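To convert, take the position in the sequence shown, counting from 1, and add 996; that gives the numbering used here.
Quick caveat, the hints were computed from the structure, so don't treat them as lab data.
This structure is a prediction, so every number in the text was calculated from the model and none was measured.
The reader is advised that the hints may include incorrect statements.
[As the list claims (entries may be wrong)] Derived DSBU-like pairs: lysine-lysine, alpha-carbon spacing no greater than 30 Å straight-line:
1) 1063 / 1304
2) 1083 / 1243
3) 1314 / 1304
4) 1113 / 1304
5) 1083 / 1063
6) 1314 / 1113
[What the hints assert, rightly or not] Estimated spans, in silico, between C-beta atoms of each pair:
7) 1179 / 1305: 44 to 54 Å
8) 1318 / 1278: 14 to 24 Å
9) 1174 / 1044: 26 to 36 Å
10) 1033 / 1318: 18 to 28 Å
11) 1113 / 1014: 40 to 50 Å
12) 1315 / 1252: 49 to 59 Å
13) 1347 / 1174: 19 to 29 Å
14) 1009 / 1132: 17 to 27 Å
15) 1052 / 1207: 32 to 42 Å
16) 1293 / 1345: 17 to 27 Å
17) 1252 / 1344: 41 to 51 Å
Note that beta-carbon positions come from the ideal geometry of N, C-alpha and C, so glycine has one too.
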Amino acid sequence: MRPRIDTFVLPEGDLVDRSVVVHRTADGVEFVRTPDERFEDLDGYRFAPNYVTIDGLRVHYVDEGPKDGPLVVLLHGQPTWSYLYRKMIPILAAAGMRVVAWDNVGFGRSDKPVDPKIHTYARHVAWYHAILDALALREINLFCQDWGGVIGLRVVADAPERFARVLAANTGLVVAPGGAGLTLPATVHMGTEPRRFHDAAAEAMTVKRGFAETFQWWIDYTLTSADFRPGDLVQVQTFGRLTEAEKAGYDAPFPSFVYAIAPHVFPAMLPTITDDNVAAWEALGRFDRPFLYLGGNFDPLGSPANQKRHVDHVPGAKGREHDRYDAGHFIQEELGETMAERMLRFVRENV
């Protein structure tokens, strides 16, 4: 049986910001939109906003560099947004690439549905396809990380003809029969865990756990946390100190709880991916265009085993330098310039 959550009980009391305007699509999906002033003068992020409407929701994307240049698409995960790529975008654009980086629905400057049940793996895969169609993106050089790869590599498997080259970093196509041993409660009371993330994480990390146990803790925590700050999460999984301004950049899209439904519930999508990607994994095993996997030495998702799993499976990965780096999960934050140069070299060496 597919793991699922039947009921979400949303927060009450101090976590409810009654001043927030709730919008509604023609299909009745309620959503909120982060005020534009939250994105003014962010450290290192000075890109003009662009928007496309998908299923009545406004999706934000960065579109930098010459419009006739080779196309690079940058996909982020949870709980980040295109701010994660602020170090890579200028380098790629200056090298003559057209750089597109969108914010997933529920993140960044994109609209944010307030019903937790909106966020399903199948729906986000469909939204990725719809964005590619709406922007008419083809011959894509893809850079994907975290959920940007969990969703993005599924799209590569579905529509390989769109992609010229794929670079995956600290991510992977998840195939999880039976939910990979992860569980979901039937009812979730959101906003009941009062601790800050770095306090809860520090406690959790004092116990040696396997990946499944660690991710189960992460699901349980994100579903119930009351004070969930993306800047704290990025810091915990990044070597080197983020400035307060950089943390504020990651926190900018989420001024209160109602804006942060997506980052709260995204981890809970993973155990729902049971047999969904079996055929996609088989299709990825036929992808013969250039494929590169980069791993962070201090990130479980970018482990040598996960790197090898993809390198051994994807024909386009054969004979390439699949580098490893002394970096954590958010490798774009730590080594943004290095990642941009590696992407450029990957494109140039595989014309």
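- Hint by hint, which ones does the structure fall short of? 1, 4, 6, 7, 9, 10, 11, 13 and 14
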